[in-house]
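Asker: So the chains spell out like this:
Protein chains: 4
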Amino acid sequence: MNTFGNKVTLTTFGESHGPALGGVLDGIPAGVALDMEQIQRQMARRRPGQSAITTARKEADMVELLSGVFEGRTTGTPIGFIIRNSDQHSADYDNLRHVFRPSHADYTYFMKYGVRDHRGGGRSSARETAVRVAAGAIAMQVLAKMGISVCSYTSQVGDICLDRPYHALDLAAVDSNAVRCPDADTARRMIALIEQVKREGDTVGGVVTGVIRGLRPGVGEPMFDKLQARLAYAMLSINAAKGFDYGMGFDGVGRRGSQMNDAFVRSSDPGRPLRTATNHSGGIQGGISNGEDVYFRVAFKPVATLLRPVSTFDDEFEAVTVQPRGRHDACVLPRAVPVVDAMAALVTLDLVESVSDKV
Amino acid sequence: MNTFGNKVTLTTFGESHGPALGGVLDGIPAGVALDMEQIQRQMARRRPGQSAITTARKEADMVELLSGVFEGRTTGTPIGFIIRNSDQHSADYDNLRHVFRPSHADYTYFMKYGVRDHRGGGRSSARETAVRVAAGAIAMQVLAKMGISVCSYTSQVGDICLDRPYHALDLAAVDSNAVRCPDADTARRMIALIEQVKREGDTVGGVVTGVIRGLRPGVGEPMFDKLQARLAYAMLSINAAKGFDYGMGFDGVGRRGSQMNDAFVRSSDPGRPLRTATNHSGGIQGGISNGEDVYFRVAFKPVATLLRPVSTFDDEFEAVTVQPRGRHDACVLPRAVPVVDAMAALVTLDLVESVSDKV
Amino acid sequence: MNTFGNKVTLTTFGESHGPALGGVLDGIPAGVALDMEQIQRQMARRRPGQSAITTARKEADMVELLSGVFEGRTTGTPIGFIIRNSDQHSADYDNLRHVFRPSHADYTYFMKYGVRDHRGGGRSSARETAVRVAAGAIAMQVLAKMGISVCSYTSQVGDICLDRPYHALDLAAVDSNAVRCPDADTARRMIALIEQVKREGDTVGGVVTGVIRGLRPGVGEPMFDKLQARLAYAMLSINAAKGFDYGMGFDGVGRRGSQMNDAFVRSSDPGRPLRTATNHSGGIQGGISNGEDVYFRVAFKPVATLLRPVSTFDDEFEAVTVQPRGRHDACVLPRAVPVVDAMAALVTLDLVESVSDKV
Amino acid sequence: MNTFGNKVTLTTFGESHGPALGGVLDGIPAGVALDMEQIQRQMARRRPGQSAITTARKEADMVELLSGVFEGRTTGTPIGFIIRNSDQHSADYDNLRHVFRPSHADYTYFMKYGVRDHRGGGRSSARETAVRVAAGAIAMQVLAKMGISVCSYTSQVGDICLDRPYHALDLAAVDSNAVRCPDADTARRMIALIEQVKREGDTVGGVVTGVIRGLRPGVGEPMFDKLQARLAYAMLSINAAKGFDYGMGFDGVGRRGSQMNDAFVRSSDPGRPLRTATNHSGGIQGGISNGEDVYFRVAFKPVATLLRPVSTFDDEFEAVTVQPRGRHDACVLPRAVPVVDAMAALVTLDLVESVSDKV
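Here the protein sequences line up with chains D, S, Z and Y, keeping their order. All residue numbers for the first sequence refer to our numbering, where the first residue is 1 and numbers rise by one. All residue numbers for the second sequence refer to our numbering, where the first residue is 1 and numbers rise by one. All residue numbers for the third sequence refer to our numbering, where the first residue is 1 and numbers rise by one. All residue numbers for the fourth sequence refer to our numbering, where the first residue is 1 and numbers rise by one.
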C-alpha cells in the first residue's frame, strides 16, 4: 500500500507523467504555524535541474496545500497537497512503451499488474520522492518545535569516501556545494568524479549519512517498531537504496564487545540523567532512543539508466535496442540527501507522536 | 506495537523470565498440514545450549499449539502458541535489579516505561526470538507448498569472512557445523575465533547472509512496502542487528551502472518469461521480485554482555560495579541464523499472500 | 485517522471551504476500465442543489483524477483525485467564527484541537462525503465486474415509513423521485413532509435501507472484521448517522429463535450449493456472507442546522444568538442514499479483495 | 484478522474445544496496578452456568497472565494470557461433524475455509468472548484511573422492554438479578419469559444498553474513527448482535431537529466549560465526545441453537435431522452484558490513548 507510518501517516499518489503527484499527511498535531517557504526550500534541494551535476528536467515543484491548514496553522485535520507535473516531455518515452529496460521496474510492474504507465517509469519513477520531501519538510517543522533536528549529507560517491565521522564535520555546510558533502575538498573530488562518469554516459552510486539530534530517551517501540527498524524500512523504500546500517553498523562486526560498549556518564540534564562517553550504538538500545545522536548510513546504487544504447527485450519478449532519450542523473546522491532527511523526519515524528507509555 | 505484518501477522508477547512467551500467527491459509517436528527442529537450531559455542542456558523450547490447527491441518483461524520458560535462574539477576548495564536496553526501558522486568532483560531479551522462530517455521511450511524456500547462513564472524557468494556454496551444509557456515574450512576458523573470544570473556559480531528462492515475479508492493524495505524492517527488528543490505548492497556503491545492470535473457518458464544473466540487483526491481533469487546480508554487533566486571550506574544514578552471572553467548551468529530464516519467511509469506493485483 | 479500509483503502482530506477536497483510493486491482461518466452520475446524486428539497449550494463536484489510471484503465497504483470547491460563500460564515452551534461539531473540534476552520463546519462538514461518493463509484465499477451490486434507498422520513421489504420493491425506481424512495406513493408523502418541515425552518430525519447483491459465500472475516461489523463502522462514520442494523435487526429481538432461523434448501448453483428459504439473517452468518442478499438499515437524525435564530455560546463561553445564513438541507436522506451506496461498496470491495482463505 | 484496535490492541485466538483460548492486549500503559480479582469477577459475569437461566456448561474461566505484568504492575509490554478449556464434552458434537445447522456459521466457515473445527462451533463459538471480557476487565481498570467508567445492562428481552432511560435507573443494581436488568420488576418479568421460552425449547433475543461516563471532551477521531463508528464496529463484532444505535438512535428519526438539538449551558468544570441541558446526541458531536454521557443500544437476536430436532443438510448437501445435545442459553442477554462492557472499554481506552491532538 501507499501509506507510510502509524500515528503520523503519509499516503502518496501520482505518476511521473500524470497531471500531478500528491500526498495526504495525517496525524500532524493542531496549532503548528507552517512556513511555506521552508517547504519550498526543501523541494528546491530535491528538484531536478538544480545544478550542473543533476538531470536537466525542469520542474517548479510547487507544493499546493489543499487542506489541513487554516490561517497559516495546522488544524489537526489531514494535510492534502499536490505537485503539478509541468515539464513532462512524455513523447520522449514513446520508444519505451513496450520495452523492459534492464534493472528498471518495467518488467516487474508488467508481471505484477499486466499494465503500466511507461512514461518516465510511471509510478516507479523517483519523481514520487518529491511528495516525500514536501511531507518531510512539514514533519521537520513540527520536530523543530520539540528541539529535534534531522540532517543528512553525501558521505561517499563511487570510491570517494568522506573519512571523518559526522561529529567532526560542520553540518551547516551541507548545502555549500552541489554534491551536498560538508567537506569542501572531498566534495570537489566527488563532483569531479560525477562529471567524469557523466561524460562516459555512465552512472555511479554512493552513501548518504543521516543524523537525528535532540531525541529524548524513550522514542521507539521495543519489538518490531524499533527506531532502527523503522528507519531501515523507510530508507530501503527510497528508489535505488540498497542498504542501511546505524551506529557502527557493518563496520562494527569485526570488533570485540569490549571495544563497542558505550560506558555511561552522569549528566546534569534531568531529561537524560545518564549520557554515554562514546556512541558506538548510534543512540539506540533495544529499539529505543537513549538520548544520544542517532546516526545511520544509506547505500545507493548507481542508477540503471545509462546514456548509451542498451540491448534488451520488449513486452512480447523480442530483442530490441533502445537509446534512452530522457534526462537523467549520473549520480542521485545530491538529490537523495533531502529524501533521506524527509524519511528520517517522518519516522521520527511518527514514533515521537506514538509515545505515551507511562501512566 | 508487538504485531508484525499486514496480511499474515505475528503478534508476540512474553518476557525472558515470566511463565511463558508466546505468539499469535494470523492469516495463515486453511488446509495446510503442519509438521510439528519440523517446527521443533527449527526451535532446536535457535535453542540455547545446543553446542559448545552457545550459552549454557537449557530450555526445551517446546512449542505448545493452542488453536488454529484441527486434526493436523490449519483452519484459517489464528494459530496461538506458547513456549514455557523452564530454566529461568531468576535469582541470577537479583544483583541487576537496579543496574543499567552499558549498551543494554535497561536504561532505555526505564526511561520509557518507568518500570521494567530486570530478570534476564525481560522483554528486551533475545529469548523473544524463540517466538519468531516458531512462527517462521510455520510460514516456511506454507511457503514450501508454493515452491518458495528461505535459507540463511553465517557468512562472517569478527574479521573472518566467507569470500564466496551464496550460489557457489552448498547451502544444504549450513547445519553441518556449530557456527552454521556452509564452508567447512571457514567454519573451523570462525569456531576457533569464537572459542578464543569466549576465553577472553569478550564477544564478537558477524554477518548472516540470507537467500530466498522460488519467488515468482510480482511479489512486493511498489512504494513503501517494497520487498527489500519489508526485509530491512524485519531484520533490523532482531536483537543486535545493526545493518542490512541486499543484492550488491554497500559493496555496489563504488561500481558503475554499466557494471551493475542485469541484462535480460529469454527463459522457457512461462511464469518468468525473462531471466537475467547476472543478479547484481538481488532479485528485486522497484520493490517487486523479478523471479531471480533474493539475497541479502544482516550485520550483528558483538553482544553487549561481557563475562567481566563492568563499571556502570544504577537507577538512582549512582556508580556501581557488576559481575554478570547469567549464561551468555560469546557470538550470537549461529543462533541468529534461524531467526533470520524466520523473519525472511514471515516477510515473504506476508507479501505473497497480499498479491492480488490483476483483475 | 482519515483512512478507511484494510486491503482497499480510502484516505480523504479537505474542508468545506478550502480550495479542494480529495482522496486517495488504494488497492484497486489493475486493468479495470473506468467509466468517468458513471462517477459523475453518482456525484450528481449527492450534489447539493439537485432538487427543490435539497440545499441551494451549487457545486459542480467535478472529480479530477490525478493518478492511477492510464489510457482509461486502472494500473494498480493509487488513484488520487480532487474535487474543487467553487461556490463557497465563506463570508456567510463570518458570524460563526467564534460560535459553538448546538449539536454541531464546533465545540468538540475546539476542545480537541484548540483551533478550527469555522467556515461551513470545516472538516466536519458533510461536504466531505463527496469524496466518499467518488471513491465508492469506482468501487462499484470494480464490484460490477464480479457480479456484485449495491443499492440503497430512503425507507423512512420522519414518521413516514415504507412498509414493504426491499425484495417487494422495484429498486430500479430509486431515482425516479427526489427523495429516492422506490415507492411512488410513499415518496410523495415523504416529499410533502420535507417541504412542510422546510417551511417551518425545521429539519427531519429518516432511514436509508441498503442491499448488497451477488456476494458469493465466504466474504467477511470471522472475528472483528465481520461483514456486519465493517458495515456498521462504515455507516456510523457518515455524518448524522445514529444507528445501524442488518437482517431483522432491532425488529427481530422480540421474536423467537424458531421463527428467525433460516432453513437451508438445495441449490443448483455450484458456487452456493445451499440457499436459505427465508433470509431473516440478512445474508451473513458468523460474520461471513452466506450467498443471500445482505440488507441493512441506517438511521439519520434530523440535521442540527435549523433556519431559525439560535441562542448559544461563543468560544469565550459568552451567550450569543446566531442566525444561520448558510444553505442547508431540511432532510439529508435523499443525499445520504449515494453516500450509503459508496460506503457499502467500499466495505464490500475491501472484504472481497481480502479473501484468500484456502490453499 | 483477529486484532482489534489501533493504539490499544487486542489479538485473540482459540476455539471452543481446543486446549485454550487466549489473547494479547498491547498498548496498555506501564505502571498500572492490576487487580486480578476484579478480572475474575468480570469473567464470572460472563461464565456459563452462573444461574438457572444460563447454559449448564461449567468452565472455571481462570485467566492465566503470562506476560506484561511484573510484581503486580503493568510494564508497557504486551499482556499475554490464556484461558484453559476444561468442561469440553467434545463428543457431544460428533453428530454435528458433517452438519450445517441453520443460521449458524457452519456453512459459511465451510465455504470460506473448506475445513472447520465442528466442535461447539469452533472459532465461531461465543466462547471466544471470554477473551474479550478478560481484556476488557484490564481496560476498565486503566480507565478507572482516568475517572472513566463503563456500565451496561439488559434493557429488553423479547417484547419486555425497560421503559425508563438509563439516568433514571440505579446502575449499581445491574447485578442484583440473574438477567442484569437494574429494574427489579422488569427483571422478574424478563426472567419469567426466559424460563418459559426455555421450557418451550426455544430462544429469545433482546437489547443491551451501555453507558460510558467520565469522558472528557475530545475523545474520538473525526472522520472514520468517530467514537460512535468504533463502538458500532465493536458491538456488531459480538456474536448474535444485529444492531447498534446511540443517543436517540432509531427512535430519533421521527423527531424534528428543533426537538433534538441539545442547548449548551455554562459549567464550572474547567475541563468541560460547556455542558448541554439535554443529551439527545448521546455525548458525541462530529465523532468526538462532548463531555456528556455516551449511551447506546445493542440488539441481540434470539440464538439459533434450539433444543428441538432440526431438519437441515450435511456437507455433502444431503438432508439430515439433528438433535442438538450441547448445553445452550435460551437467552444470551445476561451473559452479553459483560461482553458489551468489555468492548466498550476497549474502544474507549483505544481512543483515549490515541489523543494527542494539540501542540
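Please keep in mind that the hints were generated in silico from the structure rather than gathered at the bench. Bear in mind that the values here come from a model prediction, so they are computed numbers and not experimental data. The beta-carbon is built from N, C-alpha and C at its ideal position, and this holds for glycine as well. Some hints could be false.
Below are the BS3-like pairs computed for lysine-lysine, each with C-alpha atoms no more than 25 Å apart in a straight line [claimed, not checked]:
hint : chain 1 : residue 1 : chain 2 : residue 2
1    : S       : Lys145    : S       : Lys58
2    : Y       : Lys7      : Y       : Lys145
3    : Z       : Lys58     : Z       : Lys145
4    : D       : Lys7      : S       : Lys7
5    : D       : Lys7      : Y       : Lys58
6    : Y       : Lys58     : Y       : Lys198
7    : Z       : Lys198    : S       : Lys7
8    : Y       : Lys7      : S       : Lys7
9    : S       : Lys198    : S       : Lys7
10   : D       : Lys7      : D       : Lys145
11   : Y       : Lys145    : Z       : Lys7
12   : Z       : Lys7      : D       : Lys7
13   : Z       : Lys198    : Z       : Lys7
A partial selection of chain D residues facing chain Z, derived with a Cβ cut-off under 8 Å [what the hints assert, rightly or not]:
hint : residue
14   : Met1
15   : Thr9
16   : Pro19
17   : Val24
18   : Ala52
19   : Gly76
20   : Phe110
21   : Tyr113
22   : Gly114
23   : Asp117
24   : Arg164
25   : Asp175
26   : Ser176
Asker: Taking 25 Å as the top limit, are the C-alpha atoms of Lys58(Y) and Lys198(Y) close enough?
Answerer: Answer holds: Lys58(Y) to Lys198(Y) is near 19 Å, not above 25 Å.
Asker: Given a cut of 8 Å on the nearest C-beta pair, is the interface hint for Arg164(D) held or broken against chain Z?
Answerer: Not OK, violated: Arg164(D) not within 8 Å of chain Z, min 42 Å.
Asker: Are the Cα positions of Lys198(S) and Lys7(S) separated by 25 Å at most?
Answerer: Judged against 25 Å, a Cα distance of about 42 Å means the pair is violated.
Asker: Has the given pair, Lys145(S) with Lys58(S), been kept, meaning a C-alpha gap of at most 25 Å?
Answerer: Answer violated: Lys145(S) to Lys58(S) is near 33 Å, above 25 Å.
Asker: Would the hint linking Lys145(Y) and Lys7(Z) be met if the CA-CA limit is 25 Å?
Answerer: Violated, at about 37 Å.
Asker: For a C-alpha distance cap of 25 Å, please report whether Lys7(D) and Lys145(D) respect it.
Answerer: holds (18 Å)
Asker: Given the proposed pairing of Lys198(Z) with Lys7(S), does the C-alpha separation stay at or below 25 Å?
Answerer: violated (49 Å)
Asker: Does Val24(D) pass the interface check with chain Z, least Cβ-Cβ distance below 8 Å?
Answerer: Holds, because the Cβ-Cβ distance from Val24(D) to chain Z comes to roughly 5 Å (cut-off 8 Å).
Asker: Next pair to validate is Lys198(Z) with Lys7(Z); report whether the Cα-Cα distance is within 25 Å.
Answerer: violated (42 Å)
Asker: Hey, Lys7(Z) versus Lys7(D), does the alpha-carbon distance stay inside 25 Å?
Answerer: Given pair Lys7(Z), Lys7(D) holds - Cα atoms ~19 Å apart, limit 25 Å.
Asker: Should the hint that Met1(D) touches chain Z count as held when the rule is a Cβ pair under 8 Å?
Answerer: holds (5 Å)
Asker: Against chain Z, is Gly76(D) within 8 Å by beta-carbon distance?
Answerer: Holds, about 4 Å.
Going through the hint list in order, the structure does not satisfy hints 1, 3, 5, 7, 9, 11, 13, 18, 20, 24, 25 and 26.
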